[in-house]
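**Student:** Single-letter residue listing:
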Amino acid sequence: MIGRKNLLVSKSRSVLVNLKLKSIFSCLFAFLVFSAPVKSSLEEEILAGEQIAALYLGSVSLVADKELNEFVNLLGRHLADQTERRELPWVFGVLDTDSVNAFCTPGGNVFVTRGLYQLLESEDELAAVIAHEIAHGVRQHHWKVVQKQKAAAQIIAKMQSNMSNANQLFDQMNDIFTDLMTKGLDKGAEFEADRDGAVIAARAGYDSSALFGVLAKLEELKNDEKSAELLFQTHPSPGERIDRLSIAFSNELEAAALPASLGTPLMNITAP
Amino acid sequence: MIKLVFAVSLMLPLCLVHAGESLVRSQADLLSAPKISSAKILILEVGVPVTTGLRRGLWIEVLEPLPGWVKLRHLRRISGSKTSSSLNALQSGRRGVGNAVSASGVRGLDSEMIRLSAPDYGAVEDFKAFLVASLDGQKFASDRRLLGRELAYLSDPQSRERSAIRNGTEELGSDRVVKKIKPSRKKKVVADDDW
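In order, the protein sequence lines correspond to chains S and L.
Quick note on numbering: the numbering used here labels position 189 of the first sequence as 189, and the sequence is numbered without any gaps.
Quick note on numbering: the numbering used here labels position 75 of the second sequence as 1075, and the sequence is numbered without any gaps.
It is possible that some hints are incorrect.
Stated by the list, open to error - If the Cβ cut is set under 8 angstroms, some of the chain L residues that face chain S in the computed set are:
| hint | residue |
| --- | --- |
| 1 | A1039 |
| 2 | K1040 |
| 3 | I1041 |
| 4 | L1042 |
| 5 | E1045 |
| 6 | L1054 |
| 7 | L1058 |
| 8 | K1071 |
| 9 | A1118 |
| 10 | S1134 |
| 11 | D1136 |
| 12 | R1144 |
| 13 | L1154 |
Stated by the list, open to error - Coverage of chain S stretches by chain L, computed from C-beta distances (three or more under 8 angstroms per stretch; other residues unrestricted):
| hint | segment |
| --- | --- |
| 14 | 97-106 |
| 15 | 238-250 |
If you are wondering where the hints come from, they were derived from the structure by calculation, not from laboratory data.
None of these values were measured; they are calculated from a predicted model.
Virtual Cβ for every residue (Gly too), placed ideally from N, Cα, C.
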């Protein structure tokens, strides 16, 4: 009985914390939208990224393996340091889902799913996946889409008619983010992230060609395979990506390619 | 003799680990080595099934119908082919090597779930706690003896092609100009795969 009471108290506390955080996020986001009408600031991008991260983490949690998430963060940080956006608070995590996918939000939050992680054969392949996502963040692909949709302008218009409800603003932003998460970017942005990702991985000392290995594995997955549904919905076909990346590859980058057999073995997932 | 049989039996699983089935996606030259200048063994026609071995950069080893090397882009892996650790995967239901133990019964992540999900801000705070400093990343790289390289980003081949058409040349990479074309007709020239 006491245990149940404690559980109820703990649950209501967690709800209160969540509500408190939501209010803080809402007010801060509303403030940023109003205070930066001309140009999006870095803070605005980071905040939007955290909101999208909250949506991902509201769908699935991180793999309960601290060591794995720490490892992914060290690797990811080293990759991010090879780019022009080192100043972003890059954070990386493995999502506990069978789905095969990886995501980047504005502001430097990167997720790899357990399903994709388990498909990979080496640290070089993981670096290729994370570098691709970092490239999206560096080029601000998602953030630019949000801006293009003139989300802020629409929200301002809405807010002017109902200034008191900050949560309404928040819900509308969530709709825009959700749309972006489920529809993905245009093909050009994905091809660009493939090219940049291969360079970022090679700059960091990893196999420049490891992404080919990953794409070949993705090509094996059937289009109608449930685990890869969202991936195929939001990305060009792996075959097309292999083609485009092959054509773009420079001689210098090919010189940074390593035989797949020399790849560093990947850390196992040891979550309970 | 026994030693030889034992050695072969040890090597057999290694061979199986890397064997894979693919189909030829676009006509390709099967070469004797992973180099464009190496001897041509035969032309692989579209749709021909091949057994593949190790990948080496942009190249993949072909074991059958004849041993040789081909550019990875010319092949399409067949679903369910024997890729690395696939024998174990068949037993465990999992693939890859990062799969010793994992949580089970976790739902997949699809559009519908994202649409229906409520943001979890507490989880974001926990997630952000994993942030590491650049110094930690540098130490990680140094422990792994990762050697950094200076490399420029790649340009988009399509925009290169467009600009080449404007200039009257078809460029492939920064170091080669392969074909002159007539700018007035703006005809697209298909690039020859020369890597």
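**Student:** Now tell me, hint by hint, if it's right for this structure.
**Tutor:** Tested hints:
Taken as an interface hint, L/A1039 does not check out: its beta carbon lies about 20 angstroms from the nearest beta carbon of chain S, beyond 8 angstroms. The beta carbon of L/K1040 is not positioned within 8 angstroms of any beta carbon in chain S (closest approach about 19 angstroms), and the interface hint is therefore violated. Hint status for L/I1041 relative to chain S: violated, with the closest Cβ pair at about 20 angstroms, above 8 angstroms. A cut of 8 angstroms between beta carbons decides the hint on L/L1042: the least distance to chain S is about 21 angstroms, and the hint is violated.
Because the smallest distance between the Cβ of L/E1045 and any Cβ of chain S comes to about 18 angstroms, over 8 angstroms, the interface hint for this residue is violated. Hint status for L/L1054: holds, given a least beta-carbon distance of 6 angstroms to chain S, under 8 angstroms. Annotation: L/L1058 was flagged as interfacial toward chain S, and the flag holds, the nearest CB pair being 6 angstroms apart, inside 8 angstroms. Here the hint on L/K1071 is kept, as its CB sits about 7 angstroms from the closest CB of chain S, short of 8 angstroms.
Interface hint at L/A1118: satisfied, since its Cβ lies 5 angstroms from the closest Cβ of chain S, which is below the 8 angstroms cut-off. Because the beta carbon of L/S1134 sits about 5 angstroms from the nearest beta carbon in chain S, less than 8 angstroms, this interface hint is met. For L/D1136, the suggested interface contact is upheld, since its CB lies about 6 angstroms from the closest CB of chain S, less than 8 angstroms. Residue-level restraint check for L/R1144 holds (minimum Cβ-Cβ distance to chain S is 7 angstroms; threshold 8 angstroms).
Nearest Cβ of chain S to the Cβ of L/L1154: about 4 angstroms, under the 8 angstroms cut. The hint holds. Counting residues of the segment 97-106 of chain S whose C-beta lies closer than 8 angstroms to any C-beta of chain L gives 4; at least three are required, and the coverage claim holds. Requiring three or more residues with a Cβ within less than 8 angstroms of a Cβ of chain L, the coverage given for the segment 238-250 of chain S holds, as 9 such residues are present.
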